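Single-letter residue listing:
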Amino acid sequence: MDSGGERLTASEIHTELASLQTAKAAIDERISTLESLLKNITTEDESETASSTPAAAETPLTGQLTADMIYRYSRHLLLPSFGVEAQSNLLNSSVLVIGAGGLGSPALLYLAACGFGRVGIVDHDVVELNNLHRQIIHTEAYIGRSKVESAAATCRAINSTVRIVEHKEAFRTSNALDIMKKYDIVVDATDNAPSRYMISDCCVVLGKPLISGAALGLEGQLTVYNYNGGPCYRCLFPTPPPTTACQRCADSGVLGVVPGIIGCLQALEAIKVAGAVGEPLSGRMLLLDALSARIRIVKIRGRSLQCEACGENAPMTEEQFRNFDYEKFTQSPLSTSPLKLDLLPEDARITSKEYYEKNIKGEAHVLIDVRPAHHYKIISLPNSLNIPLSSLEQRLSEISEALGRKEESASLYVVCRRGNDSQRAVQYLRGAGFNLAKDIIGGLESWAHDVDPKFPTY
Amino acid sequence: MQLTLEFGGGLELLCESVKIHEVTVDLEAEETKLTMKQLLSWVRTNLIKERPEMFMKGDTVRPGVLVLVNDCDWELSGQLETMLEDKDVVVFISTLHGG
Numbered sequence: 001m002d003s004g005g006e007r008l009t010a011s012e013i014h015t016e017l018a019s020l021q022t023a024k025a026a027i028d029e030r031i032s033t034l035e036s037l038l039k040n041i042t043t044e045d046e047s048e049t050a051s052s053t054p055a056a057a058e059t060p061l062t063g064q065l066t067a068d069m070i071y072r073y074s075r076h077l078l079l080p081s082f083g084v085e086a087q088s089n090l091l092n093s094s095v096l097v098i099g100a101g102g103l104g105s106p107a108l109l110y111l112a113a114c115g116f117g118r119v120g121i122v123d124h125d126v127v128e129l130n131n132l133h134r135q136i137i138h139t140e141a142y143i144g145r146s147k148v149e150s151a152a153a154t155c156r157a158i159n160s161t162v163r164i165v166e167h168k169e170a171f172r173t174s175n176a177l178d179i180m181k182k183y184d185i186v187v188d189a190t191d192n193a194p195s196r197y198m199i200s201d202c203c204v205v206l207g208k209p210l211i212s213g214a215a216l217g218l219e220g221q222l223t224v225y226n227y228n229g230g231p232c233y234r235c236l237f238p239t240p241p242p243t244t245a246c247q248r249c250a251d252s253g254v255l256g257v258v259p260g261i262i263g264c265l266q267a268l269e270a271i272k273v274a275g276a277v278g279e280p281l282s283g284r285m286l287l288l289d290a291l292s293a294r295i296r297i298v299k300i301r302g303r304s305l306q307c308e309a310c311g312e313n314a315p316m317t318e319e320q321f322r323n324f325d326y327e328k329f330t331q332s333p334l335s336t337s338p339l340k341l342d343l344l345p346e347d348a349r350i351t352s353k354e355y356y357e358k359n360i361k362g363e364a365h366v367l368i369d370v371r372p373a374h375h376y377k378i379i380s381l382p383n384s385l386n387i388p389l390s391s392l393e394q395r396l397s398e399i400s401e402a403l404g405r406k407e408e409s410a411s412l413y414v415v416c417r418r419g420n421d422s423q424r425a426v427q428y429l430r431g432a433g434f435n436l437a438k439d440i441i442g443g444l445e446s447w448a449h450d451v452d453p454k455f456p457t458y
Numbered sequence: 001m002q003l004t005l006e007f008g009g010g011l012e013l014l015c016e017s018v019k020i021h022e023v024t025v026d027l028e029a030e031e032t033k034l035t036m037k038q039l040l041s042w043v044r045t046n047l048i049k050e051r052p053e054m055f056m057k058g059d060t061v062r063p064g065v066l067v068l069v070n071d072c073d074w075e076l077s078g079q080l081e082t083m084l085e086d087k088d089v090v091v092f093i094s095t096l097h098g099g
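Sequence lines, in order, name chains A and B.
With UniProt numbering, letter number 408 in the first sequence gets 408, and the count goes up by one each step, no holes.
With UniProt numbering, letter number 47 in the second sequence gets 47, and the count goes up by one each step, no holes.
Check the hints yourself; a few may be wrong.
Okay, derived cross-link-like pairs now, BS3-like style, lysine-lysine, Cα gap no bigger than 27 Å in a straight line [claimed, not checked]:
hint	chain 1	residue 1	chain 2	residue 2
1	B	LYS37	B	LYS49
2	B	LYS87	B	LYS33
3	A	LYS299	B	LYS33
4	B	LYS49	A	LYS377
I should point out that these hints are in silico values taken from the structure, not numbers from a laboratory.
All values derive from a computational prediction rather than experimental measurement.
Work out the full structure: start from the sequences and follow the hints.
Written out as structure tokens, the structure is:
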């Protein structure tokens, strides 16, 4: 579109865009601050005049639904196997969803819509652009803001009669008991092993049913723990898996709809447990293989008498729970921040800025990118040679050949996504005779951060 | 003995990313049945192509792997002592943590 015959060069446009974006960020931040101030004021007002809100004003007769409730939930009430009774059970129940990510997003949408009395949301994270393909409760407008605030706003927009409680904090042994005590049912929508043990143990200590879901890549798993004498997470997995077996969505990828399906099924199980209808998925596990369109439901072991959490002899106490070190137990961090290795001496490493300067000066070198081939296809640095870490050993001759084509003093640099695999590669290469190999600290992420802000990250 | 073996939750990566394996396991002379213990060692020798420590620990599966014999947790059928029969389906699945 020609806006009034304006003629701008690309660099002028870039400059103006940059300054507008800075201004926009400042405005967004101010809006966020004001909104949260306003929310505090409204919450105070609400607590003073709680009985005057429309939903609460219309107090139903004992055991009956208000006219608004009957209309809103009419399609539930029309189900003979659900009806007024199960709907009333939902309205009198509360559910805590831990994690407002890929699983929590669809679960929360349905749990708020279906008429639970109270829905709590725990998360300490903020919304990022690369969340939106699967975390469908969040919108672009909330990028950079708290996931809990974002999810709560959507839930309130869908159903203003549900009490949405925001817990903008990480779920830890120090706050877990206090938070969970206030709810009837717990939905585990987290993304790491220590959280899964911690949430299951906390449910055992407090006697809460746990709707547990997980998704990664193209597969999902679902079961209900600690329900009606059924097993808990530790009955099934008494010993934590090796950390190398715990993949993260940020490394292995995940098809957005897969956690979507599992999250919806978690909402379904929570509704069954709260509504006291049907047969919750306890003592059974659902396994979803999205690519081959196969769902299998298997029978799993019952409660273990020897279980360290729920076993007959020594059930876990609140105090034991508070003092348990879940990160140590699973050898992995509760937060999902990526690993930062430090394997190499300083002289075996260069920063991305140093690499940039050497490259500009025309220093003869070979750059090996050790990421998997499908990562390399997403984006790569020019003139880099892709030899994935897993095949490095078999492809050493390619490195020698590449070096052979350069002048004698050519350097050898190794890069990866975040700077961990490149260190492993350099360690190996130095052992294999490439004594001058160096890794680029922080990988392509540091290149994007420190050298070329336009370089895509993923 | 013909068996269907399935790997999931990432374990398929240890056997060249193939999830379903239709296999024939030859029994020792004079034996008519196969135990899970024997099958595990057969799988380790014949199917696992890399990082065997991601599949087994000692003579059993590593922590975090569920074993299902005909859609039933092997804890319910005797774990390593479970007797397999012709056409049984054995699933090895690694527990997922992502979300």
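A quick look at each hint next to the structure:
Straight-line distance between C-alpha atoms of LYS37(B) and LYS49(B) comes to about 19 Å, which keeps the hinted pair within the 27 Å bound. A hinted pair counts as satisfied when its Cα atoms are at most 27 Å apart, and LYS87(B) with LYS33(B) qualifies at roughly 12 Å. For a cut-off of 27 Å, the pair hint linking LYS299(A) to LYS33(B) stands: about 23 Å separates their Cα positions. Taking the CA atoms of LYS49(B) and LYS377(A), the gap is about 26 Å. The hint holds against a cut of 27 Å.
Of the numbered hints stated above, none is contradicted by the structure.
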